[in-house]
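Between the sequences and the hints, there should be enough to build the whole structure, so can you do that?
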Amino acid sequence: MVRVLVPSGALGLGHDPDALDAGIAARPDIIAIDGGSTDSGPHYLGTGRSKYARATTAREWGALMAARARAGVPLVIGSAETCGTDRAVDRLVEITREIAAERGEALRIAVLRCTQDPDDLVRALAAGRIHPLDPAPGISAERLRQCSNIVALAGAEQIQAALATGAQIVIAGRTTDTAIISALPLLRGCDPGAAWHGAKIGECGALCTTRPDSGVIMLTFERNGFTVTPMARDAAATPFSVSAHMLYENADPFILHEPGGHLDVSAARYEALDERRVRASGAIWVPAQRYTVKLEGARPTGFRVASLVLIRAPRHVAAAAAWCRDIERRARADVCARLGLARDSFDIELRRIGQDATLGALERRRGDPVELGVLAIVSARDAAAAGEIARLLNPYLLHHPLPADEAQPSLAFAFSPPEMALGPAHEFCLNHVLELEQPMQAFRLEVIEVGHGQAG
Amino acid sequence: MARLGEVVRQVRSKNAGPFWLTVDIFCGSDAAFARVRDALKDEEVARLFRCAPARLRRFDIASLNAIKISLPRPVVQGSPGDRDLHGASYANLLAEMEIPDNS
Numbered sequence: 001m002v003r004v005l006v007p008s009g010a011l012g013l014g015h016d017p018d019a020l021d022a023g024i025a026a027r028p029d030i031i032a033i034d035g036g037s038t039d040s041g042p043h044y045l046g047t048g049r050s051k052y053a054r055a056t057t058a059r060e061w062g063a064l065m066a067a068r069a070r071a072g073v074p075l076v077i078g079s080a081e082t083c084g085t086d087r088a089v090d091r092l093v094e095i096t097r098e099i100a101a102e103r104g105e106a107l108r109i110a111v112l113r114c115t116q117d118p119d120d121l122v123r124a125l126a127a128g129r130i131h132p133l134d135p136a137p138g139i140s141a142e143r144l145r146q147c148s149n150i151v152a153l154a155g156a157e158q159i160q161a162a163l164a165t166g167a168q169i170v171i172a173g174r175t176t177d178t179a180i181i182s183a184l185p186l187l188r189g190c191d192p193g194a195a196w197h198g199a200k201i202g203e204c205g206a207l208c209t210t211r212p213d214s215g216v217i218m219l220t221f222e223r224n225g226f227t228v229t230p231m232a233r234d235a236a237a238t239p240f241s242v243s244a245h246m247l248y249e250n251a252d253p254f255i256l257h258e259p260g261g262h263l264d265v266s267a268a269r270y271e272a273l274d275e276r277r278v279r280a281s282g283a284i285w286v287p288a289q290r291y292t293v294k295l296e297g298a299r300p301t302g303f304r305v306a307s308l309v310l311i312r313a314p315r316h317v318a319a320a321a322a323w324c325r326d327i328e329r330r331a332r333a334d335v336c337a338r339l340g341l342a343r344d345s346f347d348i349e350l351r352r353i354g355q356d357a358t359l360g361a362l363e364r365r366r367g368d369p370v371e372l373g374v375l376a377i378v379s380a381r382d383a384a385a386a387g388e389i390a391r392l393l394n395p396y397l398l399h400h401p402l403p404a405d406e407a408q409p410s411l412a413f414a415f416s417p418p419e420m421a422l423g424p425a426h427e428f429c430l431n432h433v434l435e436l437e438q439p440m441q442a443f444r445l446e447v448i449e450v451g452h453g454q455a456g
Numbered sequence: 001m002a003r004l005g006e007v008v009r010q011v012r013s014k015n016a017g018p019f020w021l022t023v024d025i026f027c028g029s030d031a032a033f034a035r036v037r038d039a040l041k042d043e044e045v046a047r048l049f050r051c052a053p054a055r056l057r058r059f060d061i062a063s064l065n066a067i068k069i070s071l072p073r074p075v076v077q078g079s080p081g082d083r084d085l086h087g088a089s090y091a092n093l094l095a096e097m098e099i100p101d102n103s
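Top line first, the protein sequences correspond to chains A and B.
Residues 1 to 456 in my numbering are what the first sequence spells out, letter by letter.
Residues 1 to 103 in my numbering are what the second sequence spells out, letter by letter.
Don't take each hint at face value.
[To be verified] Covered by chain B, per the in silico footprint, the following chain A stretches (three or more residues, Cβ under 8 Å): (1) 31 to 40; (2) 237 to 247; (3) 351 to 361.
Source of the hints: derived by calculation from the structure; they are not laboratory data.
The C-beta atom is built at its ideal place from N, Cα and C for all residues, glycine as well.
And the structure:
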């Protein structure tokens with residue numbers, strides 16, 4: 001039997017401290033938490049930044065390090081600092097050193113790095129070792145070199161290699177959400193179908209229970225099944241809450257692809273052990289012919305500046321769509337004429353908040369809003385051009401009349417200046433897998449000793 | 001006629017990675033599941049999302065009284081033109097769809 005304690009869906013989301021204490025009292029074999037995702041957009045991978053405040057990360061990570069010391073078992077984090085690039089991993093190592101020093105703790109830390117060298121990938125592409133998933137943007141050597149960061153997603157094998165170093169803490173770069181959970185049960189001989197199924201169910205902590213905000217759950221893996229037990233006293237796992245989690249953020253509710261194979265839960269059974277625990281079994285693991293890891297890459301696409309103007313007069317609200325189109329047309333022509341920029345090197349887009357800003361052309365509802373916000377988004381190849389275009393747009397947003405013979409109106413800017421520099425923009429440009437000869441080929445493992453020789 | 005969202009317990013949409021969008025309809029009862037399953041036509045759903053019908057992946061899951069529809073994201077997450085990074089607003093398109101009364 002292997003017990004995996006999952007404190008929450010991601011470091012930074014918070015957990016119920018009493019539930020974490022209950023989890024430690026239930027004697028886990030390992031504590032596993034996810035640190036990231038692509039779900040906040042390409043900015044984080046593009047820049048290597050974390051989406052959370054350093055203080056939030058340090059506070060939660062400190063609580064988990066203290067819980068780990070009490071339990072005397074390994075603590076594993078995957079996808080450190082949102083994007084899981086090498087720089088992100090280094091930041092979490094630094095935070096770990098600071099906390100260890102404060103606690104007077106001596107630790108062995110295994111660090112798994114996942115950032116890819118573009119030259120290696122260019123060679124892999126030429127050798128036919130990069131395969132597209134569906135749908136995949138076109139790639140080339142040039143596109144690979146345009147990426148500011150490319151990571152490969154580690155799987156269970158790489159986390160197992162990190163655990164084999166005897167480290168008390170594993171800090172991994174980009175890793176599949178499930179691999180940090182499945183690694184130890186697989187190592188201890190649990191059925192791989194059960195190990196991966198339990199890992200998928202538990203990847204978001206208490207999201208598979210009736211109280212998602214409580215965070216902490218225990219996954220107990222047996223030879224051919226697993227049990228979910230929420231650690232918050234008022235949370236319950238039910239066959240519905242557990243099995244419904246297979247749908248979460250997954251295009252196919254029965255199949256989950258991982259490095260080295262895929263999970264198939266078509267024949268899984270979910271059974272209530274009592275009012276708050278569920279046991280699942282029957283999932284199968286299908287090994288793949290070749291060992292592949294998924295790639296994620298983000299490339300810079302230019303710079304953006306946004307402006308916001310508010311429209312309150314009913315006749316302006318009623319005419320807003322035509323007003324926006326007219327401004328887009330005139331301002332684009334002005335940019336070409338006055339700044340000498342080619343039409344395909346910039347864009348100006350006006351979205352009407354209160355009308356169809358969220359769904360755009362897909363919106364079907366029509367209403368009669370009291371007011372509208374017009375969000376103008378300017379993009380250009382460099383920051384100076386984006387700023388200049390946004391300032392060129394400024395008088396249009398403030399004064400553009402509609403109809404044309406209207407005396408010059410003034411609309412409402414909420415602040416001065418109305419332009420907000422959004423900085424560099426990025427886009428995800430890889431939906432591909434990389435074929436490896438052996439699992440560690442694209443990854444690097446380092447062992448760091450901290451705090452040794454210190455008092456305490 | 002009734003709005004789908006008024007017949008079922010929950011409609012939610014999420015990214016399934018940056019390239020896919022997935023919509024989950026939790027119907028809440030056997031009767032609501034049967035009604036929505038029969039009323040929901042793939043061609044109509046494809047039209048709502050301006051997506052080729054062949055690109056929709058649909059799963060009718062009786063054990064959960066749930067219907068899941070996945071499709072390539074209308075715009076790759078976070079790319080120029082994306083209006084909803086987490087994709088949660090797309091659920092409204094299905095929730096506001098009119099479906100016929102029980103026959």
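Here's how the hints hold up against the structure:
Counting residues of the segment 31 to 40 of chain A whose CB lies closer than 8 Å to any CB of chain B gives 3, so the stated coverage by that chain holds, three being the minimum. Under the rule that three or more residues need a Cβ within less than 8 Å of chain B, the assignment of the segment 237 to 247 of chain A holds, with 4 such residues. Note: the segment 351 to 361 of chain A has 6 residues with beta-carbon separation from chain B under 8 Å; the three-residue rule is met and the coverage holds.
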